[in-house]
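Asks: The task is simple: from the sequences and hints, build the whole structure.
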Amino acid sequence: MRHREQKTIPERGRESLKSLLYNKYMGGVDRFGQFCSKFNRKAMKWYQTLWHFIIQVALINGWLGYNLENKTQKLTDRGFREMVIDGLFEGFRKDDLPIQSHNFASPLLPRLSGRHIPKQYADKRYQ
Numbered sequence: 001m002r003h004r005e006q007k008t009i010p011e012r013g014r015e016s017l018k019s020l021l022y023n024k025y026m027g028g029v030d031r032f033g034q035f036c037s038k039f040n041r042k043a044m045k046w047y048q049t050l051w052h053f054i055i056q057v058a059l060i061n062g063w064l065g066y067n068l069e070n071k072t073q074k075l076t077d078r079g080f081r082e083m084v085i086d087g088l089f090e091g092f093r094k095d096d097l098p099i100q101s102h103n104f105a106s107p108l109l110p111r112l113s114g115r116h117i118p119k120q121y122a123d124k125r126y127q
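Numbering (this note's numbering), first residue to last: 1 to 127.
Mixed in with the good hints there might be a few duds.
Restraint ranges, calculated between C-beta atoms of paired labels, are given here [what the hints assert, rightly or not]:
| hint | residue 1 | residue 2 | range |
| --- | --- | --- | --- |
| 1 | D123 | W46 | 47 to 53 Å |
| 2 | T49 | K71 | 30 to 36 Å |
| 3 | K24 | F92 | 39 to 45 Å |
| 4 | I85 | A122 | 56 to 62 Å |
| 5 | F89 | L21 | 39 to 45 Å |
| 6 | E90 | N61 | 18 to 24 Å |
| 7 | K18 | G91 | 33 to 39 Å |
| 8 | W46 | E90 | 28 to 34 Å |
| 9 | I54 | E90 | 21 to 27 Å |
| 10 | K18 | V57 | 18 to 24 Å |
With a straight-line cut-off of 20 Å between C-alpha atoms, the simulated EDC-like cross-links for lysine to aspartate or glutamate are [what the hints assert, rightly or not]:
| hint | residue 1 | residue 2 |
| --- | --- | --- |
| 11 | K24 | D77 |
| 12 | K71 | E82 |
| 13 | K74 | D86 |
Worth flagging that the hints you see were computed from the coordinates, not collected in a lab.
Where is the CB? At the ideal position from N, CA and C, for every residue including glycine.
Replies: The structure is reproduced here in structure tokens:
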């Protein structure tokens with residue numbers, strides 16, 4: 001069954017009125033399923049699927065809590081995920097790491113000046 005009533009939305013184009021009303025009045029469980037379906041992970045083992053689900057729940061709960069606390073500066077779920085990733089990698093950027101200098105003036109190390117040719121076996125069976 002198709003509904004001919006449609007509304008134009010600038011970001012997404014034309015969308016049926018039925019889906020607009022559903023999105024407007026859907027409950028928390030449906031919305032949670034909608035957010036989880038955006039970042040679906042397929043794993044071979046059951047515990048990997050469970051791990052990814054727990055991470056999804058934690059990210060969605062954190063995003064909802066962030067938006068409840070910061071009503072003036074709300075983020076999209078993708079923006080929140082990017083902010084979490086940036087926070088996790090904050091101390092590990094190459095700009096933050098000290099630069100290691102190499103002392104090339106030192107004499108060659110024994111491992112670089114020695115011969116690295118494997119020895120031949122006397123017994124032909126072990127070649």
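Asks: Against each hint, give a clear statement of whether it holds in the structure.
Replies: Checked hints:
{"no.": "1", "hint": "D123 x W46: 47 to 53 Å", "verdict": "holds, 51 Å"}
{"no.": "2", "hint": "T49 x K71: 30 to 36 Å", "verdict": "holds, 35 Å"}
{"no.": "3", "hint": "K24 x F92: 39 to 45 Å", "verdict": "holds, 42 Å"}
{"no.": "4", "hint": "I85 x A122: 56 to 62 Å", "verdict": "holds, 58 Å"}
{"no.": "5", "hint": "F89 x L21: 39 to 45 Å", "verdict": "holds, 41 Å"}
{"no.": "6", "hint": "E90 x N61: 18 to 24 Å", "verdict": "holds, 22 Å"}
{"no.": "7", "hint": "K18 x G91: 33 to 39 Å", "verdict": "violated, 49 Å"}
{"no.": "8", "hint": "W46 x E90: 28 to 34 Å", "verdict": "holds, 33 Å"}
{"no.": "9", "hint": "I54 x E90: 21 to 27 Å", "verdict": "holds, 23 Å"}
{"no.": "10", "hint": "K18 x V57: 18 to 24 Å", "verdict": "violated, 29 Å"}
{"no.": "11", "hint": "K24 x D77", "verdict": "holds, 18 Å"}
{"no.": "12", "hint": "K71 x E82", "verdict": "holds, 19 Å"}
{"no.": "13", "hint": "K74 x D86", "verdict": "holds, 17 Å"}
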